[in-house]
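Student: This is what each chain is made of:
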Amino acid sequence: MANNILEVRHLKKYFKTSHGMLHAVDDISFDLQAGKTLGLVGESGCGKSTTGRSILRLIEPTSGQIFFEGKDITALSKSQMRHMRKDMQIIFQDPFSSLDPKKTINQIIAEPIRVNRILTDKHQIENRVLELMETVGLAERLINSYPHELDGGRRQRIGIARALAMQPKLIVCDEPVSALDVSIQAQILNLLKELQEKMQLTYIFITHDLSVVNHFSDYIAVMYLGSIVEKAPAEELFGNPIHPYTRALLSAIPVPDLSHKRQRISLKGEITSPINLPDECRFANRCFECQENCRKGIPQLVEVSPDHYVACFQRGV
Amino acid sequence: MSEETTNNLILDIENLVVRYETEDGIVRALNGIDLQLGYRQTIGLVGETGAGKTTAALAMLRLVPDPPGVVECDKLMIGGRDILNLPAAKMDEVRGKDISMIFQDPMSALNPVFTVGEQIAESLQIHEQLDKKTSMERAKEMLEMVGIPGARANEYPHQFSGGMKQRVVIAIALACNPKLLIADEPTTALDVTIQAQVLELMNRLKEQYDTSMIMITHDLGIVAEVCDTVAVMYAGKIVEQGTLEDVFNHTLHPYTEGLFNSLPNIKNRTAMLKPIRGLMPDPTDLPAGCAFAPRCDYATEECKRRKPQLKQVGPTHKFACLAYEQEGFHIKRGNR
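First to last, the protein sequences are chains A and B.
FYI, the numbering for the first sequence is 1 to 317, going by our numbering.
FYI, the numbering for the second sequence is 1001 to 1336, going by our numbering.
Take the hints with a grain of salt, since some may be wrong.
[Claimed, not checked] With a straight-line Cα cutoff of 20 Å, these simulated EDC-like cross-link-like pairs (lysine to aspartate or glutamate) come out:
# : chain 1 : residue 1 : chain 2 : residue 2
1 : A       : Lys268    : B       : Glu1144
2 : B       : Lys1267   : A       : Glu140
3 : A       : Lys36     : A       : Asp209
4 : B       : Lys1267   : A       : Glu235
5 : B       : Lys1267   : B       : Asp1219
6 : A       : Lys103    : A       : Asp72
7 : B       : Lys1332   : A       : Asp257
8 : A       : Lys261    : B       : Asp1228
The set of hints was computed from the structure by calculation and includes no laboratory data.
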């Protein structure tokens, strides 16, 4: 499609460990249109954060291609990549450890502006910092505060302001609200949504919280052990989940509504080790619909209905 | 309360106050809560960080660090026993035997240098005077019960995954068949599918062992799944309390409403979230009137001046809000 801001092709990231090859991200491909949000969901260890970081080349992919606005960024040199990152920013999960405790808010937000020489004049930089603080809803009086003086919600706002300083087109949000209380979480989600509309931002929204991802995303990709097992528009995925793992995952969400009746699908066991994976469906060991042919190869994503992709030997027809 | 009704309660607390007297001022963590829990009942304590949920649990176990902590209470009875005036040595007999606690983080609740079997056996040796061999046998049975092969009793915590470690912690907590189990965010550190397994396990064991439970959580979804009643806490006070039906379907307190509105609705994905504005008040400097007034959309001048008291509105439903003193007042969520 013409307006894809991001196209990821066969992205792989393996880590060498003393026990063998760890398949953190194992051959994933997806497209993302400008101004849209892709939610990457899955449980710990499924490779969602590694995917987010590989896309920005904060960790170098083992193989595969990443096209940002049509340009293959895996072929760029380090300095070219640094330039490219102005358009691609990241917001981290933990606003407690991602901010330098010795710097004031002013210094933290100004740093990317100074380093990238967007502005050089001191007053201009300070004005820009104040403007960014206003955008994310931080009071002007906090400009000389240190991170430890602020609560989690405000710290996350600093993280967002810092990401916005470069006027990026794509922001990878890695669990941006997981460390926050629900009332604060809602404030930050609303802020991210407003900013998206105002600045035409594209988001990759990484989370383990399915109700948040449903609320926030246009498309959702469900990951399991380094692979995407199902990918669809958010409404379709929640309304008509097909992959056994997706169905189990959705049925496991505790719903704060007494009238909600559900058939819970309990999964046996836990996620298996991503080291030296055999050539079979990654989910086979925990799957309640597993058949003999599931052990005979790795299922590929198949389009089962328009825009709805599933990787399952039993369901992907 | 008559003698008979008291005996039907596993937990009976009146006017529990906890404050920490620090150099920077007095932190008012818990500002007078009453809590009654019947046998085999599960109550959910819900609230955000700083609401006083964990402090309440620690006070029940007499684990509030002193100094700087000061605990005051008119009544603190567990299983008909006065916990408040129990000497420290006696308290050791109560903890782990009558009351057990499951902590949020299974990674730090287990001792890394002992096998999981030894850690389960330890409480059996202390409280039930079992010898080493018998207690290890029992430890293996406990492991089987929480879904871990007994043969793994000789392994160390680092050899288990997060969900398995939490199962071990549950096995330790239930080893001596406690009357009251306090679970402090037991599944917050776990993935959803594992969370579902652990909640299912707790529900099953609770029935099997006739245990009463206090479930501390910030997740109203979990409350809906495991609790009989729920108490919503804010700034060290209970602001609304009742059965699930009372609190979920006939919500009265504006803060409870705010909590529900902050949650993404799984059935209506495009609905805008309605967060509660502002932040939790500073516990060293609580507002003079209702602690929630500065963030409340319904707050009146009166709310800023006077502290609301818990008021009974139905056989099981209580709430503390002054806005209802106005004729015909109701919140938007209303009856559902």
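Student: Keeping to a limit of 20 Å between CA atoms, is the pair of Lys36 of chain A and Asp209 of chain A held or broken?
Tutor: Roughly 19 Å separates the two Cα atoms, so the pair holds.
Student: Take a quick look at whether Lys261 of chain A and Asp1228 of chain B sit within 20 Å of each other, Cα to Cα.
Tutor: 17 Å, holds
Student: Holds or violated: Lys103 of chain A and Asp72 of chain A, Cα atoms, limit 20 Å.
Tutor: Distance ~35 Å between Lys103 of chain A and Asp72 of chain A Cα, so the pair is violated.
Student: CA of Lys268 of chain A to CA of Glu1144 of chain B, is that 20 Å or under?
Tutor: Holds. Lys268 of chain A to Glu1144 of chain B sits at ~15 Å (cutoff 20 Å).
Student: Given the hinted pair Lys1267 of chain B and Glu235 of chain A, is their Cα-Cα distance within 20 Å?
Tutor: Holds, at about 10 Å.
Student: Just to be careful, I want the Cα atoms of Lys1332 of chain B and Asp257 of chain A compared with a cutoff of 20 Å; is the pair within it?
Tutor: 17 Å, holds
Student: Lys1267 of chain B and Asp1219 of chain B were given as a pair; does the straight-line alpha-carbon distance stay at or below 20 Å?
Tutor: 17 Å, holds
Student: For the pair supplied as a hint, Lys1267 of chain B and Glu140 of chain A, is the alpha-carbon distance within the 20 Å limit?
Tutor: Violated, at roughly 38 Å.
This entry does not satisfy hints 2, 6, going by the numbered hints stated previously.
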